[in-house]
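Take the sequences, apply the hints, and build the full model.
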Amino acid sequence: MVKTPKALVLRAAGTNCNNETALAFELAGAAAEQVHINELITGKKRLEDYHILAIPGGFSYGDDLGSGKVLANQLAIKLRQPLQEFIDSGKLVIGICNGFQVIIKMGLLPALSWLYAQEATLTNNDSGKFEDHWIYLKAENDSIFTRGIRQIYLPINHGEGKFVANAEVMQHLQKEKLVKLKYCDEKGNETAEYPKNPNGSLYSIAAITNKQGNVFGMMPHPEKFVTRYTHPRWTRENLPEEGDGLRIFRNMAEHAKKELV
Amino acid sequence: MWIEIKTKDTARDVRKEALQQAAREELGLKAEIPETSDIYIIDGSYTTKEAELIGRAMADTIVQDFSINSRLYSKGAWIVIVRYKPQITDPAEQSVLKLVEDLGLAANSAVIMQKYEVKGAKEEEIKAICEQLLSNENTQQYGYGFEHVNVNAFLKTIPQFSSELNVLSTSGRYATAEENSEPVATVKIRKAEDRELRKISQDNTLSLSLGEMKAIQAYFRKLRRDPTDIELETIAQTWSEHCKHKTFNSEVEFDVYDGKGKKIRTENIGNLFKETIVAATNEIAKRKEWKDNLISVFKDNAGIIKLDNENCIAFKVETHNHPSALDPYGGAGTGIGGVIRDVLGAGMGAKPIFNTDVFCFGMPGYSEKLPKNVLHPKRTFKGVVAGVRDYGNRMGIPTINGSITFHNSYLAPLVYCGTAGIMPPWAVQKKPSAGDLIVVIGGKTGKDGLHGATFSSTELKEGTSTTVVQIGNAIEEKKMMDAILEARDKRLYSAITDCGAGGFSSAVGEMGKDLGAEVELTNAKLKHRGMKPWEIWLSESQERMVLAVPEKKLQQVREICEKEGAGISVIGKFTATRKLVVKHKGKAVAELGMDFLHNGLPKMKRKAVYREKKPWQPQQKKSGSRNYNEILRKLLAMPTIASKEWAIRQYDHEVQANTIVKPLTGAENDGPSDAAVVRPVFGSRKAVAVSNGINPRYGAISPYNMAAAAIDEALRNIVATGGSLGRTAILDNFCWANTDEEERLGSLVMAAKACKDIAVAYGTPFISGKDSLHNEVVSNGKKIPILDTLLISAVAIIDDIENIVTIDIKKEGSSIYIVGETKDEMGGSHYNELIGSSLEEGNAPAVEAEKSKRVFEAVEETIRGRAVLACHDISEGGLAVALAEMCFAGGIGAEAELRSIPHTSSITDEIALFSESQTRFIAEVEKGKEAAFEAAMKKNGSSYGLVGKTKGKRLVIRGSRGKIIDAGLAELKEAWQETLKW
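One line per chain: the protein sequences are A and B, in this order.
So for the first sequence, our numbering puts the first residue at -15; every next one is plus one.
So for the second sequence, our numbering puts the first residue at 20; every next one is plus one.
I should point out that these hints are in silico values taken from the structure, not numbers from a laboratory.
Result set (BS3-like, lysine-lysine): computed pairs, CA atoms no more than 25 Å apart in a straight line:
1) Lys35/B with Lys113/A
2) Lys663/B with Lys113/A
3) Lys972/B with Lys171/A
4) Lys113/A with Lys25/B
5) Lys62/A with Lys582/B
6) Lys113/A with Lys1000/B
7) Lys582/B with Lys29/A
8) Lys663/B with Lys180/A
9) Lys28/A with Lys571/B
10) Lys28/A with Lys509/B
11) Lys28/A with Lys582/B
12) Lys602/B with Lys463/B
13) Lys29/A with Lys572/B
14) Lys171/A with Lys830/B
15) Lys572/B with Lys28/A
16) Lys27/B with Lys113/A
17) Lys68/B with Lys62/A
Here it is as structure tokens:
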């Protein structure tokens, strides 16, 4: 009997993409449960009971001190040990948009030296404002999360998505092949041109993993495109029923089924 | 301790760049803003190591530096510091406290300030920068100094604070002498004469008329006592225009004069609202389309219609004009917050699924001297958009629809905020029971937002009280919403309503109307100390809802709130006494009969006058240039018509992953959509469309036509997207200049009559609405009234998402049809404005409802029959603008001939291109489906004309003089996009 992997979709004050993220996991064949961070902190729910941890998009604690800062601090302090064990055991962590901002700021990514030391960041878009666009992404370097993807089309909805790190960290990212998705044009050429690269990210970086390959962060929203009807041009183009974003959730569910359940 | 956080020199400071640009472009100053930073003053004692820990947790150390307890000094630069006024709650404070607490440290309170360095400016320029760019006097305060600024001195300028220590002592912010004064005052009205009664109303911002004051006097004479201040405030709030819609519910004596000034008739209208808006809905409700689909109208916080057997849709649009005039950012944010609570408080609560926002501003390039206390329209625009963005996006509700109208009458801006929600049918009804606890969920109650309900019933004057303006806290509302929706699904309460205008007074008074209620004010959680009982009771602090919770379910509600981090307090109980009893420290401070409170308002009798315009004499007409290429480009560039992409992209329209027609559409995702559509239930074929209609420019000629056109436009947008009239409900939002004037009230009567006539003819019921009837700026005794403005918002159920079409041309070689008649109706058109004609010149577009209904039904049928690839309604700017939009949205050109367009009397090329006649569509019909299209048109009795084909990358239109428009799509699109691309 094939067991269903369990995904924990984390909620905190201000999380707002939790429902669609949970739905995407369900469509991909995982069982998703939305859990509030306070339930993990009080011990009512345990991280170890799940195979995948997803930190969805939103404005955790209002992003008042910069995106993701308060939740990053809270996770790094209150769930330090269980999170470390979760990652060490090879279970999957995905941070999308605000979730990516959270895990990069708490140092789960890229975690070149050690966990919980911030090495890179996602900061204000070059345009200086929140923006909603659909953009093309090209996959680089195989990963658990992006397996089988060459080019996908997804929306971005953020004000702080510009990937920044110093030269040394950038070099490591390239050398260790940790960059997984880059902003590109319609033909798949990496680009720095606005709004194809919507935020001015260095090297057009949209998604990275850790060295172990089981922690993944991306600014675009794969959960927003699981059906053709949310594609901005479904009324004028022939599109497959399934949206590009679902592939990422399937990849996680399949990996978890094979390796973790 | 204080921490200053600034962008590293090696990283980009986008805030600095934006301010620098605004200083240059909007204030015309050469001043440089070399650095910005944020200062956090945290009340707690920390070791150096602990302070470092806090700093590192707060700063993004990759791109930011932090310093602890450093002096504010910079050589050769002015230093400006800005912060919210002390009575305003800064939403970031909670986050700071949370972060420090998570670090295992204690913090009592935090004060947050922005710091700016400015170079190359004289002192008066610094003042201009502070007042017009860096701070808003209604919500913020600033301090500045050359090379250094003394923060303690700055803090001392806040009247309530005597020292830094006082600022930082927790919740001691408002501890002042008034704490020792008598908390409740008695107002002597029993013996007051008329003059005194008027004075009492005015001095306390009660906005009550003499007749109303007399009714109150009579009530208390019967009780043989004088009212307390809290009683008087409660009555004033309950009876306010804002809450009771007195004008709309009044009896009106209506005189109509013809164009020569002769009185032609007098009508007696018993109740304006019931005889127009409500009457229309009552009539339509009987018809088969709506018999089972109209779930709740007018009686709740939002109108409710059926989506399918498992779901209903609640929809409400509110206005938040006055607060947005004073602080566009705070006003717009709290406007959205308020309408979200309306939907959350409809029935047992609906889960929000989209927002729509419609604004009217002065021209962005306004260059005349501004009246005092009026912000520049561009600043208002930017502030409002930022407010919508920051509140709506944080709430996780997609903002999918809206429009922006520009006209210099809107120096008092209009800000309409709408929200729709989804709810199960069981949740439509609510009924509190005697014995239920009165439970408040959400934020704390403070001194913010006093007198909002009564304030909105007056015009904006200089020196207007600013206690009404607040800064919203979206995360507080999000926590509250998440907690409430979980409690709803577990059925833990028996009724709910929002705390909006009038605060607890309105919410508890309304819920306990048929029961009775007893409240103990000291049980409310307060933001400020020393609040008087009436202030607690009337406070309009945002992000609070009131629930009726059976005692045995309270524990479960508490647990949910605790998990979500939402505040909860029990402030009283519903009773069976039919009395409203409010206590403070156990002592009754108000005791009012529910019957008097809700039914004691004397009915108003008003006089209204309408003067018909003289028939239009065409020979008076100015003639414009005949360079129609240039005119088309200029029309596309007019702010009301131009692309709003700059604003739209700052709103999240994708969150919830259900938006299937977005506000922007087409080959490059940048053309204008008619209606926006969400599919709230994943996998379902059913969807919900939303659109709006607003045409204030026609009102100067005919308020009746203006209202009819607003309905027609909202419905055109729905039908062009694949919806149908039989599945569309509408909302009215009347914003009038000042209906205390007889002629203004007359124009309101005419608009309301049009609403009834057109809604009945189309079969589209009103399900909810709102009015705001005092929208003018008064400055130096001069009045600047807005154009009387009716917004119609439409919500439609689309039964099959495969029926949806968008406006962008899809293919080359398709046939282009114009459906509906074009007439000589240039009055109030954008073309007239462009050539400098006044708003009174010409015929305002009229709706011939019966003919129009056939047009609508024909278009519905052809779209359902899949003959139509793209469809767009013809509205602002006329046919040429609409066709241009379809072409550049699709990236495919067209060749069209004007002689085939349907028309009644003879029309010129100018009229054909630019008239704004109603109920017209342009349809792209797929090659080979022309016969089917025409057959459906004929069957329904609609006029139509085949005007051309889609082709190439140019728009070519031939008129009586041959080729009169010939322009490249890129050039047209650029003209349309350039105006508001900031």
